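Trainee: When you get a sec, could you build the whole thing from the sequences and use the hints?
Residue strings, one per chain:
Protein chains: 2
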Amino acid sequence: MQLDEHSQDILFRTARTHSVWQDKPVSDELLRQIYDLMKWAPTSANCSPARIVFVKSAEAKQRLLPAMIEGNVEKTRTAPVTAIIAQDHEFFEKLPQLFPHADARSWFAGNQPLIDTTAFRNGTLQGAYLIMAARALGLDAGPMSGFDNAKVDQEFFAGTSIKSNFLINLGYGVSDKLFPRSPRLSFDEAAKIL
Amino acid sequence: MQLDEHSQDILFRTARTHSVWQDKPVSDELLRQIYDLMKWAPTSANCSPARIVFVKSAEAKQRLLPAMIEGNVEKTRTAPVTAIIAQDHEFFEKLPQLFPHADARSWFAGNQPLIDTTAFRNGTLQGAYLIMAARALGLDAGPMSGFDNAKVDQEFFAGTSIKSNFLINLGYGVSDKLFPRSPRLSFDEAAKIL
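Here the protein sequences line up with chains A and B, keeping their order.
Quick note, in the numbering used here, the first sequence goes up one by one and the last residue is 223.
Quick note, in the numbering used here, the second sequence goes up one by one and the last residue is 223.
Please keep in mind that the hints were generated in silico from the structure rather than gathered at the bench.
Bear in mind that the values here come from a model prediction, so they are computed numbers and not experimental data.
Treat the hints with care, as some may be off.
The list treats identical chains as interchangeable, and a pair is accepted whether it falls inside one copy or across any two copies.
With a straight-line cut-off of 35 Å between C-alpha atoms, the simulated DSBU-like cross-links for lysine-lysine are [claimed, not checked]:
(1) Lys221 / Lys104
(2) Lys123 / Lys192
(3) Lys206 / Lys123
(4) Lys180 / Lys192
(5) Lys221 / Lys123
(6) Lys180 / Lys123
(7) Lys221 / Lys90
(8) Lys53 / Lys221
(9) Lys192 / Lys104
(10) Lys180 / Lys221
(11) Lys90 / Lys53
Mentor: The structure is reproduced here in structure tokens:
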């Protein structure tokens, strides 16, 4: 019960962060397939705080672009889809549905620091799961933190308890436009076994 | 270039969070293989802030157990390995090595809120990548937030710029001890396409 080398490559070893995109659309059905994979991956008490806006139409892209730092405008404009990974800071209101075997809502309600940390941690996990699910389904991803979160929140989430976290361009990358891969930390620089 | 259905199942659809573990060890070599997959997955400016302690020996487990909430003690004691996912809040000092084509260190140095948010966001992404890499290599994972972070930091990271985030039990789970799977949010509850 493990992945073969080629599948490991698709997810990790040969996958790259892309900035230049083929002119090849991503269907709504494929976006639903991404969600139907990523939704199964674990969150604390199944709290599932991520809320995702798949920005796909030219009109929606025009609402997003003014929030991007300059270096991220063109890659975001040309990506077939940009996923806004956000999290609902009232996620705990759905715990009676998501975690029916305990009163998990009461673990959070009224404890704002715990709510905010849990929403950010678990929404971020789900963003990583989305990257992996997109790669599993043959897409390339280009995650980005270089944008104005407050502007995105104002434009897409005004009047809600949802806040943006990071963005992920999705599509089919142009491999010969990739930069050389940057080095990674060795095991001994990043980890130890006790 | 996509994963077959069985590989998608291993990562997402049939993978479960485990709490009861087979008495089957996890080799140091397999922990190094997990790192050698997860290290390739993306972080902002390749900042790679995650620092991982694989708690494996009985002695190291005894240092960790007093920090666990009661419901997480036995599963952590019996897991072959518990990975402490932490992040280094001085990660930017390694950017000249990790992102050599720009002065990325200067984007962070002195901006503590940006440092802390970037460390937490990207360390969490790397924790999710570790779960996926472990599953890709045939292991089961049991991630947990139910512990005292300050106690873990005192015991394992005193005098450093490293802070704990969450924990992941690793091993081979006992499938007939699993609870029924909890429901997930529908696409329309969690996402939209604009």
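Trainee: Taking the hints in turn, state whether each one holds.
Mentor: Do the hints match the structure? See the list:
{"no.": "1", "hint": "Lys221 / Lys104", "in the structure": "between (37 Å within a copy, 21 Å between copies)"}
{"no.": "2", "hint": "Lys123 / Lys192", "in the structure": "both (17 Å within a copy, 30 Å between copies)"}
{"no.": "3", "hint": "Lys206 / Lys123", "in the structure": "between (43 Å within a copy, 26 Å between copies)"}
{"no.": "4", "hint": "Lys180 / Lys192", "in the structure": "both (10 Å within a copy, 30 Å between copies)"}
{"no.": "5", "hint": "Lys221 / Lys123", "in the structure": "between (38 Å within a copy, 18 Å between copies)"}
{"no.": "6", "hint": "Lys180 / Lys123", "in the structure": "both (27 Å within a copy, 30 Å between copies)"}
{"no.": "7", "hint": "Lys221 / Lys90", "in the structure": "between (44 Å within a copy, 14 Å between copies)"}
{"no.": "8", "hint": "Lys53 / Lys221", "in the structure": "between (43 Å within a copy, 21 Å between copies)"}
{"no.": "9", "hint": "Lys192 / Lys104", "in the structure": "both (23 Å within a copy, 34 Å between copies)"}
{"no.": "10", "hint": "Lys180 / Lys221", "in the structure": "between (40 Å within a copy, 19 Å between copies)"}
{"no.": "11", "hint": "Lys90 / Lys53", "in the structure": "within (17 Å within a copy, 51 Å between copies)"}
The earlier numbered hints are all upheld by this structure, with none contradicted.
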